[in-house]
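Chains as they are written, first to last, in my numbering: chain A, 60 to 267; chain B, 2 to 251.
Warning: the hint list may mix true and false statements.
Said to hold, decoys possible - Computed cross-link-like contacts, DSSO-like style, restricted to lysine-lysine with a CA-CA straight-line distance of at most 30 angstroms:
1. K235/B / K78/A
2. K222/B / K82/A
3. K44/B / K22/B
To be verified - Quick look at which bits of chain A chain B covers, simulated, 3 or more residues with Cβ under 8 angstroms:
4. 62–74
5. 127–136
6. 144–151
7. 231–239
8. 248–259
Hints were generated in silico from the structure; no laboratory data involved. A quick note: this is a predicted structure, and the numbers were derived from the prediction, not measured. Glycine included, each C-beta is placed from N, C-alpha and C at the ideal position.
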Amino acid sequence: MNVTPAITITDNVTPELEKLIAKTKPDQLARIARQPLETFTRVHLASNGRNKKGWPSTGFWESASRATTATATGGAVEISINKLGVRQRVLGGHIGPVNAKALAIPISPVSYGHLPREFPGLFIINTPKGGYLVQYGETTTTNAKGATRTHGIGHAGGGNSQSRQRATLNFLFKLVAGVDQAPDPTAVPSADEFTEVAMSAIHRSLAS
Amino acid sequence: MSATLQLPAASQKALAGSLQKYSGSLGADWVQQALDRILSGLKSALNPADESRSDGTTAETGASPSTVRADVVSDLLNNFKDGQAIAETLNLDFKISTALDVAGGAGRFVQAQSDVDEYPAWALSRMYARNVPRGFKAGPKGAIIPVPDDDWPSRWEEAGNACGDDDWLPWDGDSQTGRGIALKSSGIWEQLGSLRDDSLGNAFPPFAFNSGFDVDGVPYKECVELGLLDDGDKPEPADVDLNKLFSPIA
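Just need the whole structure built from these sequences, with the hints factored in.
Below, the structure is given as structure tokens:
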């Protein structure tokens, strides 16, 4: 009697290796890392502090966070922050007037986040400390029944804006030839942080 | 190079609708001019550009929420005797920032459909702090008073019950630190953006005015562990017509 053993070898390894190899292709790695990188960037931007003077927030950094998208493209992840002013804050640099003779820097919670052209009746006062854009304060009238009503010019604001609006003159902007803004690279995540987030996402994915 | 953001049609219509309420008092022509300026400004604000200057430097150019508002206020409202008061009534800042936020959300929504194999689901949770969170209202002396059934867990349950599928999980945790998870293809997202008066009509965040809640992707493995998918299932993207999503209003 002749016995021929039949041995069937099932290759369970190759398909798993192929899956693993597919996961490590650059375009696939980019797809794995895209979402965590986007969320990490958005949370980081939103955690940037409010304005130093404590004036009513314009929501700049939350707005920057909401203007952030990440795209996986050609084996890379491109993160875009479509918000004017973010690059200036990160890289710093000189800001000068373009279509005007001077920059108008807000010096009041009333003018913070606003442009001079929104305030009718602004005029310039030159002082030893420089030029200012100024507006007359509010006036109070009394009607026939004796009720008083105040007529403010300008905008509502927090901080000491109410007392400023009652002032005879509201100093709203300081005129300057330009400003040199210091860079703040910490406003966005560092390269090391990006790498850590991407590698963490990739490790999780490869382990699953 | 940066990703191009567009303003969704629903936001354009909402903006037009909110301005048209003032046609009677400000005039239909004025409303149309204001709408044109705002839409043009938003388009610029959504996609800042670089400009090379004669001194060899490069500068960012484009509109900001401040310049969009200022265009309307200085050119169209200061002609009115009480232009500033009208500007306050129109609440332009709020309209402009909401439109920009929705456009950003739309951009991420589109990108999120490209990695549905890796992240089949979204988790809704708080991303931005609020002094008075949804589900509460400001009371006297700084008190925060609960508003029953207005918080996100309540909305989540209502949206889930109305969406017609079971591709979502019950809210996990409390109203401020918890999260709601659903497949990207679930109808819960569309419901979440449309079921209340303050909803913005989006199937993506922000779902409501001034919302601090947003979404993050949930990995495939976690979706299987949570029972949203069986291992080997092929996840589907959200059913969305991108041309319709961004089509310009007439």
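Item to check | Which numbered hints fail | outcome: 4, 7, 8
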